[in-house]
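Engineer: Listed below are the residues making up each chain.
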Amino acid sequence: MQSPIVKKTVAISNPQGLHARPAELFARLALQFESDVEVIREGNRVDAKSILHVLTLGASQGTELTLQAHGVDAEDAIEALVRLVESDFATDETMSQESPS
Amino acid sequence: MDIAPDADPAGSRFWRRIEAAMERLQGIAVSPGIAIGEALVLGNEGFRIPRRFLPRDAVEEELDRLQLAFAAAIAEVEHNRERVAEQLGDDYAAIFSAHLQMLRDKRLHEEIEEMIRERHYSPEYSVSRALRRYAKVFQTLEGQYMAERANDIFDIEKRLLRNLLGLRREELSQITSPVLVLAHNLTPSETARLNPRFVLGMVTEAGGPVSHTAIVAEGLGIPAVVGVGSFLTDISGGDTVIIDGDQGQIILHPDEETLAHYRHEVEEQRTLATKLESLRELPAETADGKRIQLLGNIEFPHEVKQCQERGADGIGLYRTEFLYLGVDDDPSEETHYEAYASVANAMQGLPIVMRTLDLGADKMRTLPDSEDERNPVLGLRSIRLTLRNRDLFRVQLRAILRASALGDIRIMFPLVSTLIEFRQAKMVLADAMEDLEEAGIAFNRDVPVGMMVEVPSAVMLMDRFVEEVDFFSIGTNDLIQYCLAVDRGNKDVASMYTAADPAVFRFVKMAISTANEHNVPISMCGQMSGNPLYTMLLLGMGLRSFSVTPAAVPEIKRVCRSVTIEHCQRVADYACSLDGTREIKAFLKEELSKVFPEFPV
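Protein chains in written order, with our numbering: chain U, 1 to 101; chain G, 102 to 702.
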């Protein structure tokens, strides 16, 4: 029953920061996991699955965020979310939009 | 051990760091008194958030209504996203994806439901309150991208409210319970739609001491504070707000102690008002039998009623600017005449002093903006503007003259600063008279023509003006501003603006004495004359006519009836000998409290 807590710190690198679009992608991805996921910035701890909460962090380029998950798929959740942040929020979806149609 | 987010269902831990604390905001005091009440926030397309509390058994039903509103809002946004994506591509539709995500945000739902379930707030109020907390946080974030998110929140709020309120959306004119009206700025058409019976007070983010809100609030005799700066996002409709119109402050989210303090003050105000009511039928006469003329200042024809109810001796200042504000075309002669005639008829032979247009070019939609207006109070305004736009001037003068056939109409020119200016204005008036005469239209050929004394040059030349002018009225608002070189609309220096200044006293005294020596009637229509603090001083200086906002008539009458002229002269002499504002005010307060102990100073 005791599930692991997984923690990892990432820096926001895209120039516009964690604004509406990235926050939406971020929250949407977090929602796909069963684990509880939190985002922590300098002591402020918010629910990663809530776009509104994530936006209150006001994370701009260079901000370091700690992602912490707690639950059965905590490991996968952190890995996926870190990948999303490190790719500057270039999901398959946005990649396909940016390529010429 | 770390606590998982679910241990905190409605996010109370999350919100603790930004929960609304009591806030006291300083603005510009434009109409005195205290008001405590529910906020009506204008700006969201005129939405009014209905009653704040629900009966216990309505909770489930209201939660259903909330879910329906969310579902409808989500459907609308989905539809928008699809349409925009089709027409412009997915990138443009991305913002709608974010809105959808927000509308589906579990945290938001929990927060709103908790307010409805636990605090019995109405869904409308809960939605507004929950979303505005986020908006407030976003506005404090650095970077434009983040601050713009607040606008997304307002967009969502509007959408949800529109769905919640549906046909119940209330119009301003249909307010049926007492409210405090809070707005960024109130337009004349908005204030005209408000039902004065239910408006307890007004606050605007913008505006200065001579803004439309200020004048309307004064006329209604309700407290008002303007120029507060941005605050509307910190409150939701239905929140309790306190307006302290004496100090020019508003208090958001007041704590119990503050509420108790202000409730006590409101109670005292009410007691005083009842006491003053009994003075209505009594004349404004000093204890030693000197009759004082007490006139009312009005802006709208319907305010005549308030003057009559308080037993005013006439209208000492009829501001005509409202006819020009908020309209695309300048008012026609008939529009002017209709308003003036209704006032003339209603006053039944009592004097009515009509001031001609007293606006700057910047307020007139039909005139081009001046390129050189760096200093509007020293620029093209009032009589300068009308002399430069004779057609505009003539239309108003014709209407006033026509109304002069119906009652005791007098014409007053504002901001006169030279003899030549006054003569020119009289010439335009003479032309208008000639036109009417030729057309065989009735008017009073001997209509008295006077001027405002509000520019230092006019005070210095009083002994020359007495030869040409039928009456004077001292406009203290501008006179103080020009005398002390202080723009009272400028927050950085507004505190230096005061009537309680030895130099201001000298100007006022000089104007009164010169007029009295030459037996030319002189009155005062600025805010100084409506403040009981200065009544004894002014009586002592020789003023025998006061024109005040209708609400102030009973208080001024009360002071007049409690004093003798001789005593007032001693008060005036001593006040004029003092050095500065603080001493002067302390002295005048002390003197006032001796004769009018129940007046709150």
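In case anyone wonders, no lab produced these hints; they're calculated from the structure.
Since the model is a prediction, treat every value here as computed from it, not as a measurement.
We put the beta carbon where it would ideally sit given N, CA and C, even for glycine.
Among these hints, one or two may not hold up.
Simulated DEER-style distance windows between Cβ atoms [unchecked claim]:
id	chain 1	residue 1	chain 2	residue 2	range
1	U	T9	G	E187	57 to 67 Å
2	U	R83	G	P279	27 to 37 Å
3	G	D680	U	N44	48 to 58 Å
4	U	R83	G	E187	45 to 55 Å
5	U	D76	G	E187	34 to 44 Å
6	G	S694	U	N44	24 to 34 Å
7	G	E474	U	T9	49 to 59 Å
8	U	N44	G	A159	48 to 58 Å
9	G	G330	U	D76	41 to 51 Å
10	G	P156	U	T9	31 to 41 Å
11	U	R83	G	E474	54 to 64 Å
Some chain G residues near chain U, calculated using beta-carbon distances under 7 Å [what the hints assert, rightly or not]:
id	residue
12	Y193
13	A195
14	L209
15	E211
16	R250
17	S518
18	L520
Engineer: Each hint: holds or not?
Structural biologist: To see whether the hints hold, each was checked on the structure:
Checked against the hint of 57 to 67 Å, the pair T9/U and E187/G fails, with Cβ atoms roughly 41 Å apart. Separation of R83/U from P279/G is about 57 Å and departs from the stated range, judged on CB atoms against 27 to 37 Å. Between D680/G and N44/U the Cβ separation comes to about 54 Å, which falls inside the hinted range of 48 to 58 Å. The given range of 45 to 55 Å is broken by R83/U and E187/G, whose C-beta atoms sit roughly 31 Å from each other.
As the Cβ distance of D76/U to E187/G is approximately 35 Å, the hint placing it in 34 to 44 Å holds. Between S694/G and N44/U the CB atoms are about 53 Å apart, so this pair departs from the stated range of 24 to 34 Å. Between E474/G and T9/U the beta carbon distance is about 56 Å. The supplied range of 49 to 59 Å therefore holds. For the pair N44/U and A159/G, the beta carbons lie near 36 Å from each other, so the given range of 48 to 58 Å is not met.
In this structure the supplied range 41 to 51 Å holds for G330/G paired with D76/U, their Cβ-Cβ distance being about 49 Å. The hinted range of 31 to 41 Å is not satisfied by P156/G and T9/U, whose Cβ atoms lie roughly 50 Å apart. The hinted window of 54 to 64 Å between R83/U and E474/G holds, with their beta carbons roughly 58 Å apart. With 7 Å as the threshold, the beta carbon of Y193/G stays out of range of chain U, its nearest partner Cβ sitting at about 11 Å, so the hint is violated.
The beta carbon of A195/G is positioned within 7 Å of a beta carbon in chain U (closest approach about 5 Å), and the interface hint is therefore held. Interface hint status for L209/G: upheld, as the beta-carbon distance to the closest one in chain U is roughly 6 Å, under 7 Å. Because the beta carbon of E211/G sits about 9 Å from the nearest beta carbon in chain U, more than 7 Å, this interface hint is broken. The criterion of a C-beta within 7 Å of any C-beta in chain U is met by R250/G, whose closest approach is roughly 6 Å, and the hint holds.
With a cut of 7 Å, the hint placing S518/G at the interface with chain U is violated, because the nearest CB-to-CB distance is about 53 Å. Taking 7 Å as the C-beta contact cut-off toward chain U, the hint placing L520/G at the interface is violated, the least distance being around 63 Å.
Violated hints, listed in ascending order, are 1, 2, 4, 6, 8, 10, 12, 15, 17 and 18; each of the other numbered hints is respected by the structure.
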